[in-house]
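Using the hints, put the two chains back together into the complex; each one sits in its own frame.
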Amino acid sequence: MINKLLFSVGLLSLLVLLWQIVNQAPPGRFLMPDKEKMAKASHSAPPIFYSDFASHGSTHEVHSATAIELDGNNIMAFWYGGTREGHKDVSIYSNIWHSKTRKWGQESRLISRQSTKESTARYIRKLGNPVVTRGPDNGIWLFYVSVSVGGWAGSSINLTRSYDEGKTWSESKRLITSPFLNLSTLIKGTPIHYSDNTLGLPVYHEFLGKFGEIVKLNESGEVIDKIRLSWGKTSLQPIIFMTSADTALAMMRYHGKPPRRILTQSTNNAGLNWSSVQKSSLVNPGAGIIGLTLKNSGQLLLAFNNDEQEREDMTLATSDDNGQTWEIRKTVEENRLPVPDKSQQFSYPWLLQTRDGTIHLLFTWHRSHIKHMIFNASWLNQDDSLPEVISR
Amino acid sequence: MNLPTLIGLGGISLLLSATLFKILISLKISKQTAYILSGLIFILSFVPISGYTVNQYFRGLFNDLSITSIIVLGYYLINPERSKNQTQPLMLLIAIVGILFYPAAIGFGPIDPYAWGYLNQDHGLFIPLLFLALLAALMTMAVIKRYTLLLSCLVFSSIAYQLNLLESLNLWDYLLDPIIFLYAIITIIARRLWALFSVKKPI
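Those protein sequence lines, which keep their order, are chains G and Z. Going left to right, the first sequence walks through residues 26 to 417 as our numbering numbers them. Going left to right, the second sequence walks through residues 63 to 265 as our numbering numbers them.
Possibly wrong hints are sitting among the right ones.
[What the hints assert, rightly or not] Result set (DSSO-like, lysine-lysine): computed pairs, CA atoms no more than 30 angstroms apart in a straight line:
1. Z/Lys90 - Z/Lys146
2. Z/Lys146 - Z/Lys84
3. Z/Lys93 - Z/Lys146
4. Z/Lys207 - G/Lys29
5. G/Lys29 - Z/Lys146
6. G/Lys192 - G/Lys113
By construction, these hints were calculated from the structure, which means they are not laboratory data.
Only chain Z is shown next, with the shape it has when bound in the complex (with noise of 0.2 angstroms):
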């Protein structure tokens, strides 16, 4: 098994574990004891059943997960309380750009963003210098305002790109994903429809 795959599976073990945590969490379980049970599924998860692994199934459905996603379900795993004011400006981040990127990528309309993702410059310099400056202008923010959660997942998305650490050599493909995507939106809708109908308290 090379490293790609061997990241690529274990992501989706994560989502797994990270899935059934959160369940565990919720359902006031202990967090020891919802530790113990999400290590146990991400374990089970390489074991076969029927000829498959669980995450061999899962990475069928989902392909491999990006970076991003794994350094989120990382944080979240290691820190269950976790700081709104780390995880609200990359969720908002990933919902902006994946609601400009996924319609125009999956072919609704002439230009194809994705392909900007392989840093060539077989159109020109233009496109691959200003992917690189956004991201480098997107670094900056993040360390000015501290958000160091967006900041790892720039920059561990950029060195796991170059070090070709899954199957895909584009780097959207490390930096994004739809399920992290499809998770940002959920959570942002969430929160704005749980501002707008919380009872606020008189004064």
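Looking at chain G on its own, in the form it has when it is part of the complex (with noise of 0.2 angstroms):
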């Protein structure tokens, strides 16, 4: 009797998922940058070209930093900050560049273990990456990797949003992502938009392999799908460039033997399916990577040391014709001591373009601050040698 009514019930309830499987709306294409709302600024506008530093040495060392624009083209930064990279005391902090005086103000502490631990009833060990984006719901949403357990390879991900740009954040939520005791999923690459009110976050497994996938999240947040870029263990930290509605390209990090180069896949069914992992003839030495399709132009332009052993420069390529082929345009930063010196390292870039065209730079400042560079596309496309970099 118990049996044939659980039945009944196991039956039914089947039956309603089936009904909302049918009834599902179809996929959403990619969501490209409305150009309309762009300030006609880039091409004909004056070359500019100038650099700050976002962190001002609160902490001893700082990595991993992301930003986002906010009202008057001003911009937020959050990146990590601590001891070192894994120890307890480290926490995501925050800065807000002010397009008008050009000035960052005081940078604060935002997220810290103890925090985490609260809003997500577990045990927290260290904090990680974080990457922030405008959600489809119009908030702020900060996106950060914390461990409970051994290394980077036990890493969940968390996310917070602010709706009052910045000035609150909601209790962290722990995003499931993975099925085996949701261990090793991080983030690096900036998330991604569709029509249908989803957001695509580029995130990467090392537990085991090293590998890519999409996560989608609905505007509430959760976990919806994932889609797997590659597997094996070479490839990490993928970034999209959007080229249209239905195509993309993207590039990952790679984690193999020599020659080592940036990896690349690319679709042409708004990202539901991928073709194999293939090296481009970008050399990189398996570090960090950022990409940009600018809004005026649909350029590419890409931030990555253009090195294959180190991390000694910064440089910035773009290509016109969606990925074919690469122009190195700047190399913005680059060790100015004597070899066999490594003390100077630039590494995990992140890129934005505010609404009045300006293409802001951040990057990890030999792990002890956060550079920015701020440019246009006029300067970017300008033919020159090596801008002379200006700093504070």
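Here it is in structure tokens:
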């Protein structure tokens, strides 16, 4: 009797699930930036370039910057800082850059191990990479990594949101992205948006293998799908360049035998399927990269370490043919100390273009500061030698 | 504290209680004392020590248990002399599914079966319909064979999934977790070894 009752309830529940599946909306296409809303500033404007530091040394080490545009072309940046990577005192810090004064404010601690523990109701050992984006609900969505056990292979992702432009933040929620103890999902690349108000978060795994995926989230910040980009042990930290509503280029950091090159693959059905991973012609020591599709021109901009061994430069390359060919445009930082001094390192870049067309590049500068460079497309495409970097 | 958090922490506390109960019973402690001490552990696991509760600590390590695990733990606590007719088919199914599922789900290959658990039609209707058809077939087999425990796990996992009772929106996380998979593998191997090495009495 009990079995028959359970069976009836079970079948009914499956029928409801079936009805829900059949009535789902079709998956969204890529949501391209609205060109009409962009200021016509890029190619015709005089070239600009200047630089500054977003962090001011309140922690011994800083790493992995991410940033988002606020009102008035201001930007808000986030990074993690502490005694050293993996230390229990590592927290997520934030700071705001004001476009009128062209100055950063005072950095402040936003998220700690303790606050993450309280909001996720879990033991938290350390914090890691943050990634920020504008959510489908127009809030600021800040994702960040936390680890409860082991090294970075034990990472999980948390999400906190702000609806008052970064003044106050919601409690963090844990994203469930892996069936195996929810272990090993990390973030670095810029999220992408879909026409059905979902968000695509590029993620990667480091437990047993190293491979990339896109985690799709709905407007409530819940994980509703995963799409595997690669598999195996050699690819991580995917970045996505959307080139049309259906096409995109993905690039990944390579973690395998030489020759060390940036990995690449593509989609022509809005990310539902991806081509197999290929090595590109762009050299890289297996370090973090970041990309941006420029809003006015559609030109692809890539920031990376243009060296097979070291992270001793920060280079910008562009592509005018959706990633078929790349042109090295600028080397904005390079080690000026004599070999073999490796104390100068530049890594983990982040790119952002504000509505006025200005491009912001942030990256880890010797692990001690977050460097911020501001330029426009005119400067980027200007055919000249290494610019004089002006630092505060 | 929202419901998924409460269920997540409660599941971990149940795991700790059932583990203690098993140890106490194997040490020939009376069932009544074992129940009292296990109940005490369940309550104490919600009490903060040095800033963390015990269940928060283990939740950090294990993540949330599946609905299947919670049902099996509850069944074991209510019925310590559990019927092998009920547990063996469930453990066998969990072991088989887990062996096929986990390697692919953690990246050994281009196909990710974990993504199928979101039951969406991004890649067509075939996969989600196949998933539901397999569940219906398993439920039918369970009712014919009178595997009440297996049937309960399938039915309550499906209902809990619809009600979003866990933090995940993936049906796999309601049906299966690595803790019960590991337990299933260990019990199956132990049973085989026991059968292999146990001395048969002469006729």
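Measure nothing beyond the straight line between the CA atoms of G/Lys29 and Z/Lys146; if it is 30 angstroms or shorter, mark the hint as holding. Answer holds: G/Lys29 to Z/Lys146 is near 21 angstroms, not above 30 angstroms.
Quickly compare the C-alpha distance for Z/Lys93 and Z/Lys146 to 30 angstroms and report which way the hint goes. 20 angstroms, holds
Would you mind confirming whether the straight-line C-alpha gap from G/Lys192 to G/Lys113 stays at or under 30 angstroms? Distance of about 25 angstroms is within 30 angstroms: holds.
Given pair status - Z/Lys84, Z/Lys146, alpha carbons within 30 angstroms: Roughly 16 angstroms between the alpha carbons, so the hint for Z/Lys146 and Z/Lys84 holds.
Are the Cα positions of Z/Lys90 and Z/Lys146 separated by 30 angstroms at most? 21 angstroms, holds
Within 30 angstroms, alpha carbon to alpha carbon, are Z/Lys207 and G/Lys29? 12 angstroms, holds
Checked against the numbered hints above, the structure breaks none of them.
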